[in-house]
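Here the protein sequences come in this chain order: A and B. According to the working numbering, the first sequence is numbered sequentially starting from 1. According to the working numbering, the second sequence is numbered sequentially starting from 1.
Worth flagging that the hints you see were computed from the coordinates, not collected in a lab.
For lysine-lysine, the following DSBU-like pairs were computed, each having C-alpha atoms within a straight-line distance of at most 35 Å:
1) B:215 - A:337
2) A:291 - A:397
3) B:21 - A:87
4) A:358 - B:78
5) B:224 - B:117
Remember, it's a predicted structure, so these values are computed and weren't measured experimentally.
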Amino acid sequence: MGISEKLMSVSDIAKGLNSKVFSAEEITRLYSKRIREIDDKLNAFITVTEDNALKTALDSDKSRKNGDIVPKLSGVPFGVKDNICTKGIKTTCASAFLQDFIPPYDAFAAEILKNSKAPLLGKLNLDEFGMGSTTENSFYGATKNPNDLSKTPGGSSGSSAAAVAAGEVPFALGTDTGGSVRQPAAFCGVVGMKPTYGRISRNGLIAFASSFDHIGILTRTVYDNALILSELAIHDKNDATCLNLPKEDFTESIFTGIKGMKISLPKEFFGEGIDGEVKNAVLSAAKALEKAGAELIEISIPHLNNAIHAYYIISSAEASSNLARFDGVRFGKRAEKYSDIMELYKNSRSEGFGKEVKRRIMTGTYVLSEGQKDKYYEKALKTCSMLRAEFENAFEKTDIILTPTTPTAAFDLGTKTSPTQRYLNDIFTVSANLTGLPAISVPCGRTQSGLPVGLQFIGKKLDEKTLYKAAFALEQEVEF
Amino acid sequence: MSIKDYESVIGLEVHVELKTKTKIFCGCSTEFGAEPNTQCCPVCMGMPGTLPVLNKKVVHLAVKAGLALNCTIEKHSKHDRKNYFYPDLPKAYQISQYDTPFCSNGFIDIETESGTKRIGITRIHIEEDAGKLIHNESETLIDYNRCGVPLIEIVSEPDLRTANEAVEYVRKLKNILECAQISDCKMNEGSLRCDINLSVRKKGETGFGTRTEMKNLNSFKFIKKAIEFEFVRQVESVEKGEEIVRETRRFDESSGKTFSMRSKEDAADYRFFQEPDLPRIELTDEFINEVNAEIPELPDEKKARFMEDFGLNAYDSERLISNIFLSECYEEAVKNTAYPKILANLMISELPKIFTEEFLSDERDIPAKNYAEVSDLLGNNEITSGTAKLLMQKISDEYIEPLAYINENELRQINDGETLKKLCLTEIENDPKSVADYKKGKKTALKALMGKVMRVTSGKANPNLVQEILEELLEL
Numbered sequence: 001m002g003i004s005e006k007l008m009s010v011s012d013i014a015k016g017l018n019s020k021v022f023s024a025e026e027i028t029r030l031y032s033k034r035i036r037e038i039d040d041k042l043n044a045f046i047t048v049t050e051d052n053a054l055k056t057a058l059d060s061d062k063s064r065k066n067g068d069i070v071p072k073l074s075g076v077p078f079g080v081k082d083n084i085c086t087k088g089i090k091t092t093c094a095s096a097f098l099q100d101f102i103p104p105y106d107a108f109a110a111e112i113l114k115n116s117k118a119p120l121l122g123k124l125n126l127d128e129f130g131m132g133s134t135t136e137n138s139f140y141g142a143t144k145n146p147n148d149l150s151k152t153p154g155g156s157s158g159s160s161a162a163a164v165a166a167g168e169v170p171f172a173l174g175t176d177t178g179g180s181v182r183q184p185a186a187f188c189g190v191v192g193m194k195p196t197y198g199r200i201s202r203n204g205l206i207a208f209a210s211s212f213d214h215i216g217i218l219t220r221t222v223y224d225n226a227l228i229l230s231e232l233a234i235h236d237k238n239d240a241t242c243l244n245l246p247k248e249d250f251t252e253s254i255f256t257g258i259k260g261m262k263i264s265l266p267k268e269f270f271g272e273g274i275d276g277e278v279k280n281a282v283l284s285a286a287k288a289l290e291k292a293g294a295e296l297i298e299i300s301i302p303h304l305n306n307a308i309h310a311y312y313i314i315s316s317a318e319a320s321s322n323l324a325r326f327d328g329v330r331f332g333k334r335a336e337k338y339s340d341i342m343e344l345y346k347n348s349r350s351e352g353f354g355k356e357v358k359r360r361i362m363t364g365t366y367v368l369s370e371g372q373k374d375k376y377y378e379k380a381l382k383t384c385s386m387l388r389a390e391f392e393n394a395f396e397k398t399d400i401i402l403t404p405t406t407p408t409a410a411f412d413l414g415t416k417t418s419p420t421q422r423y424l425n426d427i428f429t430v431s432a433n434l435t436g437l438p439a440i441s442v443p444c445g446r447t448q449s450g451l452p453v454g455l456q457f458i459g460k461k462l463d464e465k466t467l468y469k470a471a472f473a474l475e476q477e478v479e480f
Numbered sequence: 001m002s003i004k005d006y007e008s009v010i011g012l013e014v015h016v017e018l019k020t021k022t023k024i025f026c027g028c029s030t031e032f033g034a035e036p037n038t039q040c041c042p043v044c045m046g047m048p049g050t051l052p053v054l055n056k057k058v059v060h061l062a063v064k065a066g067l068a069l070n071c072t073i074e075k076h077s078k079h080d081r082k083n084y085f086y087p088d089l090p091k092a093y094q095i096s097q098y099d100t101p102f103c104s105n106g107f108i109d110i111e112t113e114s115g116t117k118r119i120g121i122t123r124i125h126i127e128e129d130a131g132k133l134i135h136n137e138s139e140t141l142i143d144y145n146r147c148g149v150p151l152i153e154i155v156s157e158p159d160l161r162t163a164n165e166a167v168e169y170v171r172k173l174k175n176i177l178e179c180a181q182i183s184d185c186k187m188n189e190g191s192l193r194c195d196i197n198l199s200v201r202k203k204g205e206t207g208f209g210t211r212t213e214m215k216n217l218n219s220f221k222f223i224k225k226a227i228e229f230e231f232v233r234q235v236e237s238v239e240k241g242e243e244i245v246r247e248t249r250r251f252d253e254s255s256g257k258t259f260s261m262r263s264k265e266d267a268a269d270y271r272f273f274q275e276p277d278l279p280r281i282e283l284t285d286e287f288i289n290e291v292n293a294e295i296p297e298l299p300d301e302k303k304a305r306f307m308e309d310f311g312l313n314a315y316d317s318e319r320l321i322s323n324i325f326l327s328e329c330y331e332e333a334v335k336n337t338a339y340p341k342i343l344a345n346l347m348i349s350e351l352p353k354i355f356t357e358e359f360l361s362d363e364r365d366i367p368a369k370n371y372a373e374v375s376d377l378l379g380n381n382e383i384t385s386g387t388a389k390l391l392m393q394k395i396s397d398e399y400i401e402p403l404a405y406i407n408e409n410e411l412r413q414i415n416d417g418e419t420l421k422k423l424c425l426t427e428i429e430n431d432p433k434s435v436a437d438y439k440k441g442k443k444t445a446l447k448a449l450m451g452k453v454m455r456v457t458s459g460k461a462n463p464n465l466v467q468e469i470l471e472e473l474l475e476l
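All chains should be built: construct the whole structure from the sequences, respecting the hints.
Printed below as a string of structure tokens:
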């Protein structure tokens, strides 16, 4: 297809800027031009902020020229998924409800990058409010997979993955509630990290399911990913669930190799329902890691197969509450016709939300309602804690867990499947959200038709370093 | 059956605004009376992407309230969301506590006509207040200033039986919370509001009838009226053989009646679930002990001390301690008098009407020592009780020195028997009708004669002596 050709990595750009091979202005113009050239085909951007990006780039160039000590990402352009608030820039969640919403504040992560003088190229498409795994549930239309324009890029951060894969941005912020960073990373052939819950502040991320929402990072390389996490993993006093830990450099031990590393493969994830080509690619990648010195172990995590149910119950329950604030009273959509407050609510919400969002709100309302809560919500919470215990148990014997990221490679846009079938897309990714454990998807090969296959590593709590180390080793071992 | 055969069973839910400078989940001010929508931010407005962060002072004050009200403190606690749509609730859920309230199983003791009564406190939890709707003819406006103001909800057991008990309970609660500096409890500013659950049953029964709920009562007068009205209404319904409907009723302040608002069938399902944006709250023994150490002498302890140290009865002590200024003033004054009971009576009857908010906000020195002097003068029979009352007022308003004032104005009581006898004889001569009436057995005629003696002495005659002398003279 041509448009997914390898472009520069974040560290290439940072090096080029520091050694004055090019300026931030030049690099920003280059990416802006590329967006203008190809985004009509991809539909990755909801809002392009070229002027804003150039302003930041000039500012970055100025401080470099002055000889100031600049942050690592100064002058490196990027994109942000459109459910992460950006001050003065439309933040729509790909929803009709928020099509004109301009937040008066930045998300904490966006603010860090702004303060680093990283130019923001624009806001990236998604499944409305992050609900979906194809980017088709968007008020702004589906995004296409740069590897094959007839395929989905995955979702809900489909556009963040597509934009990185297509070279529209060197890196992008996504969000991951059930796999929304890792699954599109796998479909598009980029690196997607969901760190430990609480590593990156959720402040300014428009909530879908607060217990499982994470900001994640999409990059072309493992090293880039570690570099960016090192910048974003900062304590934020305005997010009570954000961890207060000393600053870490996640690139530090990335090159040290995986000799003796214990890598476990849960047998529950290599059984039925997984595409043969995907399974082969993942298993041969595992073999390559074994050759590089890792020890492969088969393990069992019995509750893995229940994780998907627990995930949809709890995430829908929380969504039904989180999205209740979109009532047409203070911001966003307000229906033109209503005769009383109940109608104002009903009409604004009926007109403002898409089908999938409504489905989840209704599901969530149901599972929390009197008489149902014990059967669904409370039971799902129990599954969650059992799953947590099983993972904890598993990590006593292993350093890292290896799984496919998705059951299949990217599928056709417009594929008609039932919602419950679609939900199975997340079957391998949701457990990391239920447990809050860090997980990364790395490209590990391609199908015969050339579509990328992703491999997922799940790590111990706060042990992103080991994940990056293994992912980096894999990046070296496999041809992609 | 008559209404006398019934009793009401009352439980109260009291919402109290905590005394914090900032709101429960953001840094906005909680100051009362600001221009609408000047004390709100993206967090308390529920803007997308914003998150709550718990104000630690709220936990502190809630635990303090629990300790002051004899509760067990829950060390492992969490927040829950109560979901419902209403325009004054920006997030469409209220962050509250559902099944892990901070405090439970407490009590307070109140004074009733039949003695001291213990009222159980089921639970105390923290929650955020909602905004305020302002309705005018054509539209409804919303003021979000109050959104996120920290509240505790104090739920009582259904231990109250009369309107007076309910009022006494709220009064005592207010007293304790003010004393421990947990809340200002300004009812006129809505910082103490009360929901009343009430059912009726025949006296002697132990089961409960169907209850109704009356919401947001914010004065003692309305609490009393609402209970009295609702009691009669329910009894009349029962007597007519009607069934009481479980419902929320609105108390109408102007008519003093309650009206049906909504029945339980269309009541909301709040879909409570754990608030995922806030971590669980773990309290240490150390923290609880620290908070406990901050609790000052509480009204009940003070009451016991007043009874013991000054020989006051339970009723008088209760009246004194029920008002912080009064009890402080009494403690200061009592050091300087030989008559602590007289002082207590004088202060209880005279000072509450003088200690208005305006008076107290003046930050003047309260002349406690002078009040003590008045009680000594009265105790030593040097002035009449009427003069004593006058002096209490003058001390407060004009800073007079009591002794100097009675000397200057010749207000000393006339205790001289001979002088009084002369005066009495004059009045007996002048009023043969009263004398005749008295002799016919009309004892009230004596009062007329006494009144005349008092009048000619400008109230300075010792009334007991006058009475004695008159009786003596008339019996002759």
